[in-house]
Amino acid sequence: DTGVSQDPRHKITKRGQNVTFRCDPISEHNRLYWYRQTLGQGPEFLTYFQNEAQLEKSRLLSDRFSAERPKGSFSTLEIQRTEQGDSAMYLCASSLRPYEQFFGPGTRLTVL
Amino acid sequence: QKEVEQDPGPLSVPEGAIVSLNCTYSNSAFQYFMWYRQYSRKGPELLMYTYSSGNKEDGRFTAQVDKSSKYISLFIRDSQPSDSATYLCAMSGVASGGSYIPTFGRGTSLIVHP
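Going down the list, the protein sequences come from chains Z and Y. For reference, each letter of the first sequence is one residue, going 3 to 114 in my numbering. For reference, each letter of the second sequence is one residue, going 457 to 570 in my numbering.
Pulled out of the complex, with its shape left as it was, chain Z reads as follows (with noise of 0.2 Å):
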């Protein structure tokens, strides 16, 4: 399968425990992006890397939330002392052409 794969799927923890999610985007995709997604809503941009050069940053990332894509491949993105409003699905996206993003299946984190 060559698309977009995330790690893991679903993630239980609890209130105060930092978390780490991996994205291992599509081989040719130099830009990768993270989003979050809730009940009933669309996906809210959360960060933007392009090859490895974290370009955009959303307000949603708060000082406890960090990402990082070395050497350019996969993808990690980091909570750290998680609350019960982290709970969501973690979307990661990866794209040749800006407009033309390939979701992977998302990881679902709950926070008990």
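Some hints here could point you the wrong way.
[Claimed, not checked] Derived CB-CB ranges, DEER-like: (1) Y:S509 / Z:E85: 38 to 44 Å; (2) Y:S484 / Z:S75: 34 to 40 Å; (3) Z:E70 / Y:S484: 32 to 38 Å; (4) Z:L41 / Y:E501: 16 to 22 Å; (5) Z:D9 / Y:S484: 38 to 44 Å; (6) Z:F76 / Y:G515: 29 to 35 Å.
[Said to hold, decoys possible] Derived coverage of chain Z by chain Y (criterion: at least 3 residues anywhere in the stretch with Cβ under 8 Å from a Cβ of chain Y; other residues may be distant): (7) 35-44; (8) 104-112.
[What the hints assert, rightly or not] Below, simulated EDC-like cross-link-like pairs (lysine to aspartate or glutamate); rule was C-alpha separation at most 20 Å, straight line: (9) Y:K526 / Y:D463; (10) Y:K458 / Z:E46; (11) Z:K73 / Z:E54; (12) Y:K498 / Z:D9.
None of these hints come from the bench; they were simulated from the model. Here a beta-carbon is modelled for each residue, glycine too, at the ideal position from N, C-alpha and C.
Let chain Z serve as the given structure and place chain Y on it in line with the hints.
Showing chain Y alone in chain Z's frame:
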């Protein structure tokens, strides 16, 4: 007021009907207009994108953009039960660095019943 408004539905139609899905927006800088389909508990899948105004057709799907009215539509002909999903509109302009970060609508839930 949100930048992109989309009626959440649900929209329920019989199999074979023509479906019309719509979004309105307020940001005149938007130039790229996309439609995604999202099945339950899956990631969105890009259906079509359109640049600026006009129509674009792909099989049973037609996308229309009216920039003067800030209104976009997706038409689905001969709808099938497998079309039952949430349809998300998204749109973007050109940000510094060429990032084209899209703004999504909240999605319209479509149900096509046999």
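Item to check | Structure versus earlier hints, numbers of those that do not hold, lowest first | outcome: none
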